[in-house]
Amino acid sequence: MKKPLLKLDNLSHVYYSVREETVALKHISLEVKEGEFFGLVGPSGSGKTTLLSIMAGVLTPTEGQIQLSEGDIHTDVGYMLQHDHLFEWRSIYDNVILGLEINRKKTPENLQYAEELLKKYGLHEFMKHHPQELSGGMRQRAALIRTLVLRPKIILLDEPFSALDYQTRLSVAEDVRAIIKNEGLTAILVTHDISEALSLCDRIAVLTARPATVKATHEVPLEGDSFERREDARFAAYFKAIWKELEIHEEKSTINRTSTISEPPNSE
Amino acid sequence: MKKKVLSIEHQRFLNRRTRSKVIVLACQLGLLVLFLGLWELLAAYEVIDSFITSSPSRIWATFIDLAKGDLWRHALTTLAETVVAFLLSFLIGTTVAVLLWLSDGVRRVLEPYLVVLNALPKIALGPIIIIWVGAGPQAIVTMALLISVIITTINTLTGFISISKEKLLLMKTLHANKWQTLWKLVIPANASTITACLKVNVGMSWVGTIMGEYLVSRAGLGYLIVYGGQVFNLSLVMCATVVLCLLAAAMYLAVSLLSKLVERRLS
Ligand SMILES: Nc1ncnc2c1ncn2[C@@H]1O[C@H](COP(=O)(O)OP(=O)(O)O)[C@@H](O)[C@H]1O
Ligand SMILES: [Mg+2]
Chain A
1 MKKPLLKLDN
11 LSHVYYSVRE
21 ETVALKHISL
31 EVKEGEFFGL
41 VGPSGSGKTT
51 LLSIMAGVLT
61 PTEGQIQLSE
71 GDIHTDVGYM
81 LQHDHLFEWR
91 SIYDNVILGL
101 EINRKKTPEN
111 LQYAEELLKK
121 YGLHEFMKHH
131 PQELSGGMRQ
141 RAALIRTLVL
151 RPKIILLDEP
161 FSALDYQTRL
171 SVAEDVRAII
181 KNEGLTAILV
191 THDISEALSL
201 CDRIAVLTAR
211 PATVKATHEV
221 PLEGDSFERR
231 EDARFAAYFK
241 AIWKELEIHE
251 EKSTINRTST
261 ISEPPNSE
Chain B
269 MKKKVLSIEH
279 QRFLNRRTRS
289 KVIVLACQLG
299 LLVLFLGLWE
309 LLAAYEVIDS
319 FITSSPSRIW
329 ATFIDLAKGD
339 LWRHALTTLA
349 ETVVAFLLSF
359 LIGTTVAVLL
369 WLSDGVRRVL
379 EPYLVVLNAL
389 PKIALGPIII
399 IWVGAGPQAI
409 VTMALLISVI
419 ITTINTLTGF
429 ISISKEKLLL
439 MKTLHANKWQ
449 TLWKLVIPAN
459 ASTITACLKV
469 NVGMSWVGTI
479 MGEYLVSRAG
489 LGYLIVYGGQ
499 VFNLSLVMCA
509 TVVLCLLAAA
519 MYLAVSLLSK
529 LVERRLS
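Here the protein sequences come in this chain order: A and B. Take the first sequence: its position 47, counting from 1, is numbered 47 in my numbering, and each next residue is one higher. Take the second sequence: its position 191, counting from 1, is numbered 459 in my numbering, and each next residue is one higher.
Just to be clear, a hint being listed does not mean it is correct.
Stated by the list, open to error - Facing chain A, a subset of chain B residues (Cβ under 8 Å, in silico):
| hint | residue |
| --- | --- |
| 1 | Glu434 |
| 2 | Leu437 |
| 3 | Leu438 |
| 4 | Lys440 |
| 5 | Ala444 |
| 6 | Lys446 |
| 7 | Pro456 |
| 8 | Leu534 |
What the hints assert, rightly or not - Some residues of chain B that are not near chain A, with every Cβ distance over 10 Å (derived):
| hint | residue |
| --- | --- |
| 9 | Thr286 |
| 10 | Ala294 |
| 11 | Leu309 |
| 12 | Ala335 |
| 13 | Leu339 |
| 14 | Val352 |
| 15 | Asn386 |
| 16 | Ala387 |
| 17 | Gly402 |
Said to hold, decoys possible - DSBU-like, lysine-lysine: derived pairs with alpha carbons at most 35 Å apart:
| hint | chain 1 | residue 1 | chain 2 | residue 2 |
| --- | --- | --- | --- | --- |
| 18 | A | Lys105 | B | Lys289 |
| 19 | B | Lys440 | A | Lys153 |
| 20 | B | Lys452 | A | Lys128 |
| 21 | A | Lys128 | B | Lys435 |
| 22 | B | Lys440 | A | Lys106 |
| 23 | A | Lys119 | B | Lys433 |
It is worth saying that the hints were derived from the structure and are not from the lab. Positions of the beta carbon are idealized from the N, C-alpha and C atoms, including for glycine.
Can you make the complete structure from the sequences, with help from the hints?
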């Protein structure tokens, strides 16, 4: 059995403004296990980014607890945003070691690790180049490496592919999945794209529209890389099941059901 | 740089570009020569009154005359005042912008004051400045400083604040503190804002210095201009103005070269 690594206990979050209060999250409880690629699927504006910000320690929840069984959310969680936000005035190498500079961890070992990662993931020859010379996919890989050099235990991915065009998106998603599995990391991916979640994740939690609550959690027993998963005969049925859950917004159940998605009926 | 073999089309394009550059330069010089020539001729044939308009040759004669005497002292005085005001306004302006960026509270308190100070015509402060700092070069520098420092602060601060929330969030997820965010993100991202501000400030500092010299001075190009006007020596006025023009242009050129260097180093 895999150990639980991150535990969210009854998290709620409310944003206040002059005119109103926006309840973004309501009673969210989740457990993410070590080495797991965990997916959070929910409609746009449901509160996914809010949830990730809390996990990354940049936002304090209004209510509830968050626990990391090993380490500290302020140092052991890496965050990858929707856009790569590479700094144009820095070379790829300097972008990648930005976190090391900030955290005063520019030791020879860490710098070597950064270079190894660049080499391993095909960016070595672009080290001295500037971000605007790289393709969208390469930039996103560089952004991931910028997170990886800090050796986080968990990586949070906030719709990191949504800014890419469809073709690039599939291959970058696969790159990211492979890198994360390769480095033995735990990852939490937020997306509103069901097929993206299915092609990458070991387990998926479906969120309701705002305020986000966990509607259901599904194991995804698909095997192989993200392309093979998409080819799997069961893919369409899983897709449909989650699609249905996403569409029903009326009943805002706070019950946390865990189930394996039922086998597809004879496909028609 | 690698040498590439250019296609004929490309070569043609480059030739056209060079040609158009040459034409523009020729027109620019031609315009100047035409203007000076016309002025000289009209004055020589007494179509215009050279007592009031002076003429290129008279200005030249005055220049030669002055160059043997006091011109350099006057030019240097004005240049020194301008450069000091320019540097001070940059230093003070950006420092204040950094402080205001660091503290949201202080910024909100001071913002309306900045706006009012910016709107105020600084020349109105002339008498106050003279009484407070004394009627000397220090008053002139103060005047020039006041003219450019507020706008430097405002422009720099606006650039600082316009950094996207997402980029700030990135710095936060990398655990950066405010100083690190400032040095690694905010300042480099605003390099072009800052250099643009510097270029504008060159002009502002000259305006301030000359205004200051009109108010109080015993030396400087502004002083020469006022003096020349009082004794109705238009050649002196024009000569000092031309020297002023050249100095301002030279300073602008130096600053924009410096800006280019800084921007290139950053990217
Ligand atoms: N800083 C904020 N202040 C007020 N409301 C916010 C803030 N950030 C997000 N919200 C609101 O909270 C809700 C959830 O936002 P978000 O977590 O970004 O959703 P998602 O990432 O799922 O699209 C949205 O309705 C949004 O308008
Ligand atoms: Mg979002």
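**Message:** Tell me if the straight-line CA distance from Lys119 of chain A to Lys433 of chain B falls inside 35 Å.
**Reply:** holds (31 Å)
**Request:** Could you check if Lys446 of chain B really has its C-beta closer than 8 Å to a C-beta on chain A?
**Result:** violated (12 Å)
**Prompt:** Does the claim that Leu309 of chain B lies off the interface hold, with its Cβ farther than 10 Å from every Cβ of chain A?
**Reply:** Leu309 of chain B is indeed farther than 10 Å from all Cβ atoms of chain A, at 54 Å.
**Asked** If you take the shortest Cβ to Cβ gap from Leu534 of chain B to chain A, is it below 8 Å?
**Response** Holds - the Cβ of Leu534 of chain B comes within 8 Å of chain A, reaching about 5 Å at its closest.
**Request:** Could you check that no beta carbon of chain A comes within 10 Å of the beta carbon of Gly402 of chain B?
**Result:** holds (44 Å)
**Asked** Is it correct that the beta-carbon of Asn386 of chain B has no partner in chain A closer than or equal to 10 Å?
**Response** The assertion about Asn386 of chain B holds, with a minimum of 28 Å to chain A.
**Request:** Quick one: work out the minimum CB distance from Ala387 of chain B to chain A and report holds if it exceeds 10 Å, violated otherwise.
**Result:** Ala387 of chain B is indeed farther than 10 Å from all Cβ atoms of chain A, at 29 Å.
**Prompt:** Within a Cα-Cα threshold of 35 Å, do Lys440 of chain B and Lys106 of chain A meet the stated pairing?
**Reply:** Roughly 18 Å separates the two Cα atoms, so the pair holds.
**Minimum Cβ distance from Thr286 of chain B to chain A greater than 10 Å, as the annotation requires** = Thr286 of chain B clear of chain A: closest Cβ-Cβ about 28 Å, beyond 10 Å.
**Asked** For the pair supplied as a hint, Lys105 of chain A and Lys289 of chain B, is the alpha-carbon distance within the 35 Å limit?
**Response** violated (51 Å)
**Straight-line alpha-carbon gap Lys452 of chain B to Lys128 of chain A, limit 35 Å** = With Cα atoms ~18 Å apart, Lys452 of chain B and Lys128 of chain A stay inside 35 Å; holds.
**Item:** Holds or violated: Lys128 of chain A to Lys435 of chain B, with C-alpha atoms at most 35 Å apart
**Value:** Within the cut-off at roughly 22 Å; holds.
When held up to the earlier numbered hints, the structure conflicts with 6, 18 and fits the remainder.
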